[in-house]
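Generate the whole structure from the sequences, applying the supplied hints.
Single-letter residue listing:
Protein chains: 2
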Amino acid sequence: MPELDWIKGFALKMGEGTEEIPWTERYLSRMKNMYADGDACREILEKQDPLIYRFHELGAPEEDGVLSFGITELMPGKVGNEYYMTKGHFHKKLMTSEIYLCLSGSGMLMLENMEGDWKVIPMKEMEAVYVPAGYAHRSINTGNEVLRMFFVYGADAGHDYNTIETKGFRHLVTEQDKETAVIENPAWQAASE
Amino acid sequence: MPELDWIKGFALKMGEGTEEIPWTERYLSRMKNMYADGDACREILEKQDPLIYRFHELGAPEEDGVLSFGITELMPGKVGNEYYMTKGHFHKKLMTSEIYLCLSGSGMLMLENMEGDWKVIPMKEMEAVYVPAGYAHRSINTGNEVLRMFFVYGADAGHDYNTIETKGFRHLVTEQDKETAVIENPAWQAASE
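Listed in order, the protein sequences are those of chains A and B. Sequence positions in the first sequence follow this note's numbering and run 992 to 1184. Sequence positions in the second sequence follow this note's numbering and run 992 to 1184.
Worth flagging that the hints you see were computed from the coordinates, not collected in a lab. C-beta atoms are modelled at their ideal positions from N, C-alpha and C, and glycine is treated no differently. One thing to keep in mind: the hints can contain errors.
[As the list claims (entries may be wrong)] Per label pair, the in silico range of CB-to-CB distance:
id, chain 1, residue 1, chain 2, residue 2, range
1, B, Gln1039, A, Gly1050, 43 to 49 Å
2, B, His1162, A, Glu1170, 44 to 50 Å
3, A, Glu1053, B, Asn1104, 17 to 23 Å
4, A, Glu1106, B, Asp1151, 35 to 41 Å
5, A, Asp1151, B, Met1105, 35 to 41 Å
6, A, Pro1052, B, Glu1106, 17 to 23 Å
7, B, Asn1135, A, His1150, 40 to 46 Å
8, B, Lys1083, A, Glu1053, 18 to 24 Å
9, B, Asn1135, A, Lys1083, 43 to 49 Å
10, B, Pro1013, A, Ala1031, 44 to 50 Å
11, B, Gln1039, A, Glu1054, 41 to 47 Å
12, A, Glu1053, B, Trp1109, 24 to 30 Å
13, A, Trp1109, B, Trp1109, 55 to 61 Å
Here's what the structure looks like:
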């Protein structure tokens, strides 16, 4: 699979830009409270601070009608029995959707709305997944290689990371007996009580 | 390159749908006034009516904040020395953008706004091209295989095909001495006088 060439989109947008768009990197230390197994997390961090994922995107103006697009690369790995995942977010402009196209690797897209409706959608190479308006979304790498995703969303949608950072999702994607298992998130229950 | 699996996006949107989304097909007879070489076009149509392109997309509700996405497959071929192309369109909600990701094949994306600013961007496998708000866009297959594109746009953007059908784009993409050449469109000049 060839690399996505950012230059084309970037050049057009900027008129003449030919620089690559820098990656934003998320290391485990910046997500340490998001994994269920705190002991496993601390144990990893005592030795190293692994890169969990990185993303970059076209810097489109945050205007109605304008779209932003980018790439996320989510590494393979686990914290305890929980697969590496992105932070996940709602949109600030809640009722806006997002499109994911899996470019390589395999995983899951976790969806959940404010009312608790949720769904886990498998992501496989060249499959597109639709995030309906109102749903928080998180990518989870259940495979052994990098999960690469192309995403598109309205440039004025905005990101609300805080709701998920505070309460988490209602469900976790874990490995149990070498199989992928979706389980209830005990921490979410606690935060809601 | 595996086929894009529509079912995932469709199933999520519709809750349970598992049917494939039907293609909309554009045959040469439906575009016969859009190619510069009318004689060459008539000559082809006396023998056959070739499929020029087809597309299908997720039937998202035409609401602010909602995205629609789909696939276009543009066949290889020429009418005279002009490469097979899509009709091209403005958005009815003019100041809205669109994202193209070339999945396979090669070609060009022709962009032109109402004021006459224009640009031709090469499309190659796994390259994304950004259509800025306000620009009409047409895909052109300059290669020997099917040009497959993944596209995303705001579901409420709407399509204005009529402006291009009436006047055309200001430039054509043609083959001259076995090379791709972008030339001025004489028919556009005539329609504008």
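For this session: State, for the Cβ atoms of glutamate 1106(A) and aspartate 1151(B), whether the hinted interval 35 to 41 Å holds or is violated.
Result: For aspartate 1151(B) against glutamate 1106(A), whose Cβ atoms are near 37 Å apart, the range 35 to 41 Å holds.
For this session: Starting from the range 44 to 50 Å, see whether the pair proline 1013(B) and alanine 1031(A) falls in it by beta-carbon distance.
Result: This hint holds: roughly 49 Å between Cβ atoms.
Exercise. Range hint 43 to 49 Å: satisfied by the CB atoms of glutamine 1039(B) and glycine 1050(A)?
Worked result: Holds: the Cβ-Cβ distance is about 47 Å, inside 43 to 49 Å.
Exercise. Does the Cβ distance between tryptophan 1109(A) and tryptophan 1109(B) fall inside 55 to 61 Å?
Worked result: violated (46 Å)
Exercise. Does the Cβ distance between histidine 1162(B) and glutamate 1170(A) fall inside 44 to 50 Å?
Worked result: With a Cβ separation near 56 Å, histidine 1162(B) and glutamate 1170(A) fall outside 44 to 50 Å, so the hint is violated.
For this session: Just tell me: holds or violated, for the beta carbon distance of glutamine 1039(B) and glutamate 1054(A) against 41 to 47 Å?
Result: For glutamate 1054(A) against glutamine 1039(B), whose Cβ atoms are near 46 Å apart, the range 41 to 47 Å holds.
For this session: Go ahead and decide if the range 43 to 49 Å is satisfied by the Cβ distance of asparagine 1135(B) to lysine 1083(A).
Result: 46 Å Cβ-Cβ, so the 43 to 49 Å window holds.
Exercise. Is the distance from the Cβ of aspartate 1151(A) to the Cβ of methionine 1105(B) consistent with 35 to 41 Å?
Worked result: holds (36 Å)
Problem set entry | Outcome of range test on Cβ distance (lysine 1083(B), glutamate 1053(A); 18 to 24 Å) | Given about 22 Å between the Cβ atoms, the range holds.
Problem set entry | Range hint compliance [Cβ, glutamate 1053(A) to tryptophan 1109(B), 24 to 30 Å] | Distance hint for glutamate 1053(A), tryptophan 1109(B) holds at roughly 26 Å.
Exercise. Does the Cβ-Cβ separation between glutamate 1053(A) and asparagine 1104(B) fall within 17 to 23 Å?
Worked result: holds (21 Å)
Exercise. Taking 40 to 46 Å as the hint, is the beta-carbon distance of asparagine 1135(B) and histidine 1150(A) inside that range?
Worked result: holds (43 Å)
Figure legend: structure checked against the earlier numbered hints; hints not met, in rising order: 2, 13.
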